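Position chain B relative to chain A; hints supplied.
Protein chains in written order, with the numbering used here: chain A, 1 to 114; chain B, 115 to 228.
Rather than coming from a laboratory, the hints here were simulated on the basis of the structure. Remember, predicted model here, so these are calculated numbers, not experimental data. Each residue gets a CB set at the ideal place from its N, CA and C atoms; glycine is no exception. Among these hints, one or two may not hold up.
Below 25 Å or equal to it, Euclidean Cα-Cα: the simulated DSS-like pairs (lysine-lysine) are [as the list claims (entries may be wrong)]:
1) A:Lys68 with A:Lys101
2) A:Lys106 with B:Lys131
3) A:Lys106 with A:Lys71
4) A:Lys68 with A:Lys106
5) A:Lys106 with B:Lys125
6) A:Lys5 with A:Lys101
7) A:Lys68 with A:Lys54
8) A:Lys101 with B:Lys171
9) A:Lys68 with A:Lys5
Covered stretches of chain A (in silico footprint by chain B; criterion: 3 or more residues with CB under 8 Å from a CB of chain B, positions within the stretch not fixed) [unchecked claim]:
10) 43-57
11) 100-110
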Amino acid sequence: DQQVKQNSPSLSVQEGRISILNCDYTNSMFDYFLWYKKYPAEGPTFLISISSIKDKNEDGRFTVFLNKSAKHLSLHIVPSQPGDSAVYFCAASEGGGSNYKLTFGKGTLLTVNP
Amino acid sequence: GAGVSQSPSNKVTEKGKDVELRCDPISGHTALYWYRQSLGQGLEFLIYFQGNSAPDKSGLPSDRFSAERTGGSVSTLTIQRTQQEDSAVYLCASSFSSSNYGYTFGSGTRLTVV
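Next up, chain A with everything else stripped away, as it sits in the complex:
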């Protein structure tokens, strides 16, 4: 039973446009959410996070939106750049940022075309 779902295995966008990656979760105890980016043959790297007490967190070109009632979050990248092409994983945890255990989605492969 997957508790974190990324229903789009892949997404392709043009350079300069907005990329929107979606994530749904089923466990209502999740209260901290993270996005990781992974390039081939490298480990995932932390991108941005959001606590359930907020509905938006922004860091440069990256913004994460959280809709608790819908158990849905999304990562917006604007403007998208070819270097953003990677697999993006959504992850969640209980107990806020102090909980070490993360539950990951299957990932979405983003391709940004020049």
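Using the frame of chain A, we list chain B on its own:
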């Protein structure tokens, strides 16, 4: 070292053989985690170390899997009598404290059981 180092990067083994996967965490990181990513799946939590102790082994899939950590540093994940379903990328991560903030992942070991 500058990052989390894992070895080998690739391992092909015959079904039934034992394998050892090694993780060198970032110096000073007291917490260490093992995850695995099977084909088409998200990252799956295996085990958490704080120092040399493993307070959470709940993700180890069977008793063929074991892990240890010595000197509060290097960790070894051992899989005995490997099966084809063990084929996956095994990822190690470390952090300063037992939180999901500041996880740094290694590049992983791709294990193929033939």
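Quick rundown of the hints versus the structure:
| no. | hint | verdict |
| --- | --- | --- |
| 1 | A:Lys68 with A:Lys101 | 20 Å, holds |
| 2 | A:Lys106 with B:Lys131 | 29 Å, violated |
| 3 | A:Lys106 with A:Lys71 | 17 Å, holds |
| 4 | A:Lys68 with A:Lys106 | 21 Å, holds |
| 5 | A:Lys106 with B:Lys125 | 23 Å, holds |
| 6 | A:Lys5 with A:Lys101 | 17 Å, holds |
| 7 | A:Lys68 with A:Lys54 | 9 Å, holds |
| 8 | A:Lys101 with B:Lys171 | 11 Å, holds |
| 9 | A:Lys68 with A:Lys5 | 15 Å, holds |
| 10 | 43-57 | holds (count 5) |
| 11 | 100-110 | holds (count 8) |
The earlier numbered hint that this structure contradicts is number 2, and it is the only one.
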